[in-house]
Amino acid sequence: MADNTSRSSERRTDIETDGGVETDGGTVDYLDARVNIFKPSTPFMRDHLKIVWTMFAAWVLIVFGPVTATYLAPDLMTSITVLGFPLHYLLTATGAPLGALVLSFIYARKRDQLDEKYGIDHSTPKTTSDSGAVASDGGSEQ
Amino acid sequence: MMLTPLDLLPDALNASFKIVPAIMVTGMLLLFLGIGYAFRVADTDDLWVAGRSIGNVENGMAIGANWMSAASYLGMAALIALSGYYGLAFVIGWSTGYFVLLIFMAAQMRRFGKYTAPDFVGDRFNSDTARAIGALTTILIGFVYSVGQARGMGLVGIYVFGGDYTTMVVLMMAITVGYLALSGMLGATKNMAVQYVILIVAFLAGLYAVGFTQGYSTFAPQIEYGALLSSLSSEFTEPFSSSSYYLWIATAFSLIVGTCGLPHVLVRFYTVESERTARWSTVWGLFFICLLYLSAPAFAAFGTDLYANNVGQVYGANGMSGAEGDVIVVLASQLANLPTWFVGLVAAGGIAAAIATTAGLFIAASSAAAHDIYTNIINPDATQRQQLIIGRLTIIALGAIVTVTALNPPALVGELVALAFSLAGLVLFPMFFLGLWWENANREGALAGMTTGLLIWTAAVFNELIFATDAGPVVPLYADIFPAVGAALAGTPIVFAVTIGVSLVTDEPPERIKRIVRQCHSPEPMGQQQSAEDVVSASNGPVSGDD
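Residue numbers (our numbering), protein chains in the order written: chain S, 1 to 142; chain F, 143 to 689.
Everything labelled a hint here was simulated from the structure, so no lab data went into it.
Honestly, I wouldn't trust all of these hints.
Ranges between beta-carbon positions, derived for each pair [as the list claims (entries may be wrong)]: (1) ALA69/S to ASN479/F: 39 to 47 Å; (2) VAL647/F to ILE37/S: 46 to 54 Å; (3) SER373/F to ALA69/S: 53 to 61 Å; (4) ALA369/F to ALA69/S: 46 to 54 Å; (5) ASP649/F to ILE37/S: 28 to 36 Å; (6) THR611/F to ASP75/S: 33 to 41 Å; (7) GLY65/S to VAL343/F: 52 to 60 Å; (8) THR54/S to THR482/F: 27 to 35 Å; (9) GLN526/F to GLY65/S: 48 to 56 Å; (10) THR611/F to LEU114/S: 34 to 42 Å; (11) TYR620/F to ASN36/S: 50 to 58 Å; (12) ASP649/F to THR54/S: 29 to 37 Å; (13) ALA69/S to ILE365/F: 19 to 27 Å; (14) ASN460/F to LEU114/S: 54 to 62 Å.
Some chain F residues well away from chain S (every beta-carbon gap over 10 Å; in silico) [to be verified]: (15) ALA231; (16) LEU428; (17) GLU581.
Glycine residues also receive a C-beta, built at the ideal position from the N, C-alpha and C atoms.
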């Protein structure tokens, strides 16, 4: 049975959230922090959700933007030609999937940086997660 | 468009027994069986979640192979060729949805860490009824989705082995079921990486060869096909000619939320080492998927042009049939006069794609039956051996039903698969999303929401496919708002509203459940074999005073 002593003991003290009001002084018990996607209750959730929502907005634009533009201005979108493609076709067929891929990569990078900021280490050795783990593999090259 | 009667023989395809392709495909199938046998499993942890030992790239490939079914390999190009700009809604829906899955669900699912998707529903909402609805939906999804795969395998099999459609469907399904009943999830996961390599190599090799020999492209067909578009019939690029803007958005939306609700996709996150692996393997998975999805429109463009030049009109009454569209990837290679063994390779890739996905779906369905229905509801003392037997029986039974249905499928491969997505998007996605992101979502809300979702979907399918006549759907207005392939656009918000509304007027879920949800969002690392529930029950000491 894995003991979960890693909580609070090695929580870093440098979690200054930007402008957060209720910062719990760096010792958060996440099991007591309410979960509501619109009301993040801890500095970590606030930071995380900020990334999530920003990226989600970008995704909506990339995915539904071209088709909506084509609906609103069909002549313009179909008459512009880029690389032989009508613009609407290029943005939909190539732009959206590639855009989502790039956004995914950026998100995973940002989330790794967030882990680093909060001193989270995922290199859990097997089952017994001891508390001596240090955030050593913040790298994201894989 | 889903009402066009399907003729089941692709006329332009050279259907006859071909010795070299037959050896290639047989060899490939033997390889799958061999890998499945080498990694055969005897305990349920391995059968369902591969011992939670899978790494980044391997899981990424498994996500890719699991994902890229006959619908991607064959159906995508078919939809683009046959329905033009509307087909791109499928490209978008089946690729960009992974981003939503990544930012909202992948890591949290891994932290929740149970065995199956219905497990999540049952445990999160603390209800065996919810678990049962989740399990039945999983089985239904597996069924609808696999019918498309069986159709794809059957059509491609005709090219390789000749024979008729019926024989091929039966033969291919028998092989799939046999291999699955032997190997289970670990074998299937090991196989998926191999299957991904085969299918992507075959697809890209086919695309490059067709593009190069026909003078369409040199090194980047994914971009170079643009130059060809202006010479194709205007149906290929013209927006909203065969379908409305609403249908386009509805389809894309349904496929996106369906991606986030598909049990066989979500279970891939239970198989990885850690939540960080869950995230990065999603990125890898999307990368592998994009390789194919950026290429499929190019293949469709090449195929359409070759068809127009060699066979006849693509669009209109005597145009390309649905069956021809569904094998356009193989057809294009054949029309480009590539050597027979090479066309066989492209065909083999299609079969690999269909088998990999059917495997994933059947495992999700069999674990739903064995683990969620049998063990959790019917016989709580079930031994592992009993569970394995039930799981295998489910695989065999499901295989038989899918085979029978696939003999006379009601739609194109891609459309059939899209139906499964709108079901997942309506019934399971709202439960996963609210279950993970709103701790007050409760049992009554989940039951009401899932029932609503099931009703909307069933009504759409009956209205548009089963009871529809040649004149069209039974209730045209309903089909306009809830088209069967895109019912989630209008339906999912309704399911959300019902779930939230009912949750608000009933009691809040117990504190223990709330703590499990919170654990899913905590940044603290967890042990490899731990689930959120383990952590919560381990720490149930004094509830630390709420600030």
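Going through the hints against the structure:
1. ALA69/S to ASN479/F: 39 to 47 Å: holds (40 Å)
2. VAL647/F to ILE37/S: 46 to 54 Å: At roughly 20 Å between Cβ atoms, ILE37/S and VAL647/F fall outside 46 to 54 Å, so the hint is violated.
3. SER373/F to ALA69/S: 53 to 61 Å: Given range 53 to 61 Å: violated, Cβ gap about 25 Å.
4. ALA369/F to ALA69/S: 46 to 54 Å: violated (23 Å)
5. ASP649/F to ILE37/S: 28 to 36 Å: violated (21 Å)
6. THR611/F to ASP75/S: 33 to 41 Å: holds (38 Å)
7. GLY65/S to VAL343/F: 52 to 60 Å: Violated: the Cβ-Cβ distance is about 33 Å, outside 52 to 60 Å.
8. THR54/S to THR482/F: 27 to 35 Å: violated (52 Å)
9. GLN526/F to GLY65/S: 48 to 56 Å: holds (51 Å)
10. THR611/F to LEU114/S: 34 to 42 Å: violated (56 Å)
11. TYR620/F to ASN36/S: 50 to 58 Å: Once the Cβ atoms are compared, 34 Å apart, the range 50 to 58 Å for ASN36/S and TYR620/F is violated.
12. ASP649/F to THR54/S: 29 to 37 Å: holds (35 Å)
13. ALA69/S to ILE365/F: 19 to 27 Å: At roughly 21 Å between Cβ atoms, ILE365/F and ALA69/S fall inside 19 to 27 Å, so the hint holds.
14. ASN460/F to LEU114/S: 54 to 62 Å: holds (58 Å)
15. ALA231: For ALA231/F, whose nearest Cβ neighbour in chain S is about 8 Å away, the distance does not exceed 10 Å, so it is violated.
16. LEU428: violated (5 Å)
17. GLU581: violated (4 Å)
Against the hints set out earlier in the document, violations occur for numbers 2, 3, 4, 5, 7, 8, 10, 11, 15, 16 and 17.
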